[in-house]
Structure formats: C-alpha cells, structure tokens
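Engineer: For this one, chain A is given, so just place chain B on it according to the hints.
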Amino acid sequence: MTEPLTDAALRRLKRSGGRQAATDPSVLALLATVANGYPHARIHWLTESREAILNDWHSKRLLKAGRLAAMIDKASSVGALRKLAASDLQQYANDQRRGELPTRLFKRLDKLLRADPNRFTTMLASAERGSTYWTLTSRPATAIFSERDPELKAHVFAVSLKTLDEDPDAGKQSQFIAAGELERYAFEMLDRSARALTLDQLVRGLVVTYGLDPAFEQPPDENDLGGGFYGSERAGVPTLDPPDVPRDDRSAAAQRLIASLTARQLEVLKKFLEGITNQSEIAAALGCSAATISSETGTLRAVISALAPPEEQPEVLHATANLLYGDGHEL
Amino acid sequence: MNSDITPDRSDTSHPPSARQPLGEHWRAASNAHHALFADSRDEAAVSGEIWSIGDRAATPDQAFLLAVITAVSDEAATVVPLSTELNHATEWDLVIPAQTLGYQTIAQVKLAGTVALGQLDQRLSSLAPGSKQQLQELLAAAATGTPIPPQHLPLGPWVLTESDQRLRARALIGEQLRSYLVPEHANPLSEWHSLGSILTRSSRATGIDLATLVDASVVEKLRSDQLDLFSTLPARKMAQLLSTLRIPWTERVRDALYRVVSARYNPTDFAHGSALGRRRPRRTQRSQRAHVSQQQREQAAGEYIKAVERELGEP
Numbered sequence: 018m019t020e021p022l023t024d025a026a027l028r029r030l031k032r033s034g035g036r037q038a039a040t041d042p043s044v045l046a047l048l049a050t051v052a053n054g055y056p057h058a059r060i061h062w063l064t065e066s067r068e069a070i071l072n073d074w075h076s077k078r079l080l081k082a083g084r085l086a087a088m089i090d091k092a093s094s095v096g097a098l099r100k101l102a103a104s105d106l107q108q109y110a111n112d113q114r115r116g117e118l119p120t121r122l123f124k125r126l127d128k129l130l131r132a133d134p135n136r137f138t139t140m141l142a143s144a145e146r147g148s149t150y151w152t153l154t155s156r157p158a159t160a161i162f163s164e165r166d167p168e169l170k171a172h173v174f175a176v177s178l179k180t181l182d183e184d185p186d187a188g189k190q191s192q193f194i195a196a197g198e199l200e201r202y203a204f205e206m207l208d209r210s211a212r213a214l215t216l217d218q219l220v221r222g223l224v225v226t227y228g229l230d231p232a233f234e235q236p237p238d239e240n241d242l243g244g245g246f247y248g249s250e251r252a253g254v255p256t257l258d259p260p261d262v263p264r265d266d267r268s269a270a271a272q273r274l275i276a277s278l279t280a281r282q283l284e285v286l287k288k289f290l291e292g293i294t295n296q297s298e299i300a301a302a303l304g305c306s307a308a309t310i311s312s313e314t315g316t317l318r319a320v321i322s323a324l325a326p327p328e329e330q331p332e333v334l335h336a337t338a339n340l341l342y343g344d345g346h347e348l
Numbered sequence: 023m024n025s026d027i028t029p030d031r032s033d034t035s036h037p038p039s040a041r042q043p044l045g046e047h048w049r050a051a052s053n054a055h056h057a058l059f060a061d062s063r064d065e066a067a068v069s070g071e072i073w074s075i076g077d078r079a080a081t082p083d084q085a086f087l088l089a090v091i092t093a094v095s096d097e098a099a100t101v102v103p104l105s106t107e108l109n110h111a112t113e114w115d116l117v118i119p120a121q122t123l124g125y126q127t128i129a130q131v132k133l134a135g136t137v138a139l140g141q142l143d144q145r146l147s148s149l150a151p152g153s154k155q156q157l158q159e160l161l162a163a164a165a166t167g168t169p170i171p172p173q174h175l176p177l178g179p180w181v182l183t184e185s186d187q188r189l190r191a192r193a194l195i196g197e198q199l200r201s202y203l204v205p206e207h208a209n210p211l212s213e214w215h216s217l218g219s220i221l222t223r224s225s226r227a228t229g230i231d232l233a234t235l236v237d238a239s240v241v242e243k244l245r246s247d248q249l250d251l252f253s254t255l256p257a258r259k260m261a262q263l264l265s266t267l268r269i270p271w272t273e274r275v276r277d278a279l280y281r282v283v284s285a286r287y288n289p290t291d292f293a294h295g296s297a298l299g300r301r302r303p304r305r306t307q308r309s310q311r312a313h314v315s316q317q318q319r320e321q322a323a324g325e326y327i328k329a330v331e332r333e334l335g336e337p
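Residue numbers (this note's numbering), protein chains in the order written: chain A, 18 to 348; chain B, 23 to 337.
So here's chain A without its partners, still in its complex pose:
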C-alpha cells in the first residue's frame, strides 16, 4: 500500500524541483483521491471513468509546463496541495468544456460583421472568410494589423470584455460572451487599433487572451524574440537560456569537474543535483558511511572552488548537470 504524502515528504519533493513529483506514488495517490472524490455535478460533462479523467488531467495539464511542480512549490502542507489540486482539476474540466468555442466564435463574429454594412466593411477581401480584412465603415483604416500575438492580446485586454462565467452546475456550456459584448469587441478592436483586422485575428485575439483552446497555442517564434518596436513583448514565449552565460567556458569547466572526480564523488554530486542533501541519506544510498560522504563532500567543494569563483559555481554545476543528465535539444 502506498504511504500517504507527508509534509516532510512534500519539502523533500520541493528540493528536487518537483521532478520526482511526476512519478511519486504518494503524490499520484493524492491526485487520485482528489479526482475520485470530486463532485460529479461540477464536472458532469467529463463522461469518462474517473481513472481516465485522472490520466488525462495528469498528462494533458499537470505535467504540461511544470504545472504540478508549481503546485508542489506553492503548497504549504499536504492539505494545501489537496486544495490546489482540486482547484486545478476544476480548471482542467472547464477547459475541456470550452473545446468548441473557437469555431462557434468564428461563426458568430462572421455573422455580425456581415450583418451591418453601415458599421463594418471589408478592406481587403479574400476567398477565405477568415483572411478577409475588416474595418469600420465610419472610420476606414488605411493600415492592417500586425501578426503578433502579444500586440493582439494587448488590444483585447484594452477592450476589457465582460465574459460570461462558466457555471459548473449548469447543464449547458455558456456562450462565453453575450451578443452585445461580442459586437462591442469587434467594433473596439477595429477602432482602438486604427487598423484593419481579419476575422481569424479577431477570433484568435479571444482565444489567446482567454486561453479558450490550448490547441491554438503555437510554439514560440524565434523571429519574435529579437529587438524592434515590439521587442519587449514576449509574454508566454519561453526563453530557454539565461542570457549572457558564456556556455562554452562553463562546459569546459564542467568537463574538468567530471574528469577530476572519483566514481563515488560523482555519485555524491548526482545525489546533490537530485535534491538529496542529507549525508546519512546519501550514505545509505551509496552503501558507505556518513563520514565518508562528509569527506567526499569536502573534496567536491574544494574541486568546484578551484574551478570557478563562487558567483560562477552554480553555472558550472548547471553545465555539469546538462552533461550528466543530457541537455537534449532544449537547453
């Protein structure tokens, strides 16, 4: 039987950076308890078995972008983790319910733009409905909007829409935004930006700003990461490397570190990198005495100190971890 998660174990998981939490049996048991005990009425549109819901929640949401690790870090106790998990499960269920919203919003916006030629008119027609540029009839634009999501989001936030709350107890999904508010959205986006927008951009603005469809998320465009007028707008774009770290120097130091350690010293270093810092625990794991580990730790310090000044040592260890565990293509 799986041992229940304790507050002490939770602190240990934090030391390992949440990495072990993804497969930790006691964490998985806690998540299963939350999923199995969650009131049916609040997630009634999820019709799979509770086991399937747990699996999907775990793989599609909790492991995505380190969400589980973030929950572990924020939890002050096992009880707090349970509360955070329950709240996250509800959010997952709500997101699942919103799956068809982008298509429905496309149709609704298309209809309202075409309905009143005195209010909205085309600036550049296209064979694709989504690619047609729209502008205001009373104040025609002379330029078209940029393709950048951050700029689009800035404008959608500026419109400050009143969206309809999702009521978990309601039988039907809400339409997300009332008709009048959707018309205000279209009008103000075209008015505030003083530029023409496509139907696709209008829909996408809602989707990316309100997270209506995770499938709409695109990988970061490296071209967006450069300078330029909108160079600072990088929200949601993962920046993978800490800037200004001369990686080659660190890698060379890391290689020297690994080469100069004995087998056991290397294993001790790995334990520290895995978040296991108690010398008795390390000793038990490696089958030697705590005194030996203390001695090996002292040697580790001396070797690392000889390789780099204190402020650069974390970067050398970072490069070492990349070599030991593989930095793949990401880092």
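Rather than coming from a laboratory, the hints here were simulated on the basis of the structure. From a predicted model like this one, the values you see are computed outputs, not experimental measurements. Where is the CB? At the ideal position from N, CA and C, for every residue including glycine. One or more hints might be untrue.
[To be verified] Some chain A residues flagged as far from chain B (calculated, every beta-carbon gap over 12 Å):
hint	residue
1	P21
2	S66
3	K288
[What the hints assert, rightly or not] Only part of the chain B face toward chain A is listed, based on derived beta-carbon distances under 10 Å:
hint	residue
4	N53
5	A79
6	T81
7	P82
8	D83
9	G124
10	T127
11	Q198
12	T228
13	L267
Structural biologist: Below, chain B without anything else, positioned relative to chain A:
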C-alpha cells in the same frame, strides 16, 4: 566503503525516460551548490534567491507566495512576487525562464514588498545571472517612477488603456498580497498617472508615431512630461492629438494633463499663450522667465483644460 561504483564517462546521458524535463537543470544546479556550500557560508536568504513565503498570520493550509529576494536586512527581506498566471503579464512584469523553477513565471515588480525573515519557508532556486540583471534593471526603472520600462527586457504585452483587465487584476492581487507583505509601491498602477505614458501607450496601440503628429523636437519632452504644453502645444493641437490616438477624455486623462500643464507652465513676461490661440511674441533680450505663483499655474492649467474640452466638444 563501496568500491563497486565505477564511473562510465563514455555515457553521460540518461535514457530519454530518465531525463529531467526541460528547465530543471538550473534549479538542480542552484540548489546543489547551495547545499554543498551551506555549511561554509551564511545560510540566510540572499538577493537573487527564490523562496516560498508564508502569510503573516501563518494560516494553516494557506498557499505559499513564491518570490525573488532582492534585498535582506537583519529582520526583513524585500521581495518581488512571482506569479504563474502568465496571462497577467504586463510591460512591468519580467518573464522568468522556465528553467529557473521548472515552470515559467513572471516577476511582478509593481507588487514588490517587504516580508519578515520569519516568513521565509524554503529556498526553491535562484535567478540565473542574466535574469537577475534584468530584474535589477526593471526594479531600478520602477524606482525612478518612469512610466515606460526599458524595452529590451523580456516583458509582457503593454497595457494600452486604463480599462485593461490586467490592471484590475494587478490591483486585486496587490490587495491579496497584503496578507504576505508590506507593499513597496503605494499604488501599483502608478504608471497611469502620467500624460506622457498615456500618449506613448496610445501611440503604440494605434501604430501612429508621435513624431508624425507633433514637432519631432518636442516628442521626448512630451513623453516624459517635461514639455510646457501651455506655451508650446495649442489646445486645438492637443485635442487633435487625443482624437487621432483614440484617447477618450476620461478623468484620468484630464488629471494627467492638468498636472503637466500646471507643473511645466513657464511663461515669459509677455502675456501670451499659444495654447489658447494667442500669437506668441518673438522673444527678445528683454523677455525673461517670470516667477510663477501656484495660483497662476493652476489658472493656466484650468484654462488649458477648458480649451481642450471645447475643442473636443466635451461639456
């Protein structure tokens, strides 16, 4: 003593299933370094570290606040809260790379504050040198009161109007954070007090360069609220500027305009006022800056506001 451990230096990688997910190496390295050297240095929090922080009342099961330590004294630490709500990111929120904690966060400098050292619970990671430098730069900008932060930093999308939901969210979170910290900025929305900020943001929103609307030589002064609007920019021109940039005539805009006019009003001893449509005389050696009383400043600002309102057709 175990002598069975033989290093296999030809294989420094793990099978894919055992690899650490993206972003965890920095945190692992930072924490390993801290643990290795902990007994030979002060164990207290230091600037650049990320800690979990309990609320001031130590409420059971209350979620921790995650924050970057930016300064430490004997009894307290100054912190910048971290948020996983990336959608709340504005141009005053620094994007912290996923590798720092294993997930992406934003550092909300406008919500910075002070906590007691006793509230610090656990060290989680530290900022990589590049992020630490970026945060210092953003904090320095916030401390000077500049309305627009340095543009080369990885920040969220700009706030373009005061009705932006992210400003409301920031104000709300600021209130909630009071149970954890004493806020450093009395008003977390202070950047909206500046006319220069409003004009710059609206210029960005509409894609219309300010230099195409006013004399290019005064743009920088206009952006930084340094321009004597009363003497330099006629009310008709100001009204046109607001209209072209789609800036609605709200109380905040009116107050911001009033503040700039009254603060920068600096007439010569000739009675003039290009702002009100009077011809400005050529300045001679005799013309000098006159001492301006507070009452005169307020009167000039009031006249200017009325003239702008007339031009805009406001009641």
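Engineer: Compare the structure with each hint and give your call.
Structural biologist: Taking the hints in turn, this is what the structure says about them:
no. : hint : verdict
1   : P21  : 16 Å, holds
2   : S66  : 26 Å, holds
3   : K288 : 9 Å, violated
4   : N53  : 6 Å, holds
5   : A79  : 12 Å, violated
6   : T81  : 9 Å, holds
7   : P82  : 7 Å, holds
8   : D83  : 4 Å, holds
9   : G124 : 4 Å, holds
10  : T127 : 8 Å, holds
11  : Q198 : 14 Å, violated
12  : T228 : 4 Å, holds
13  : L267 : 8 Å, holds
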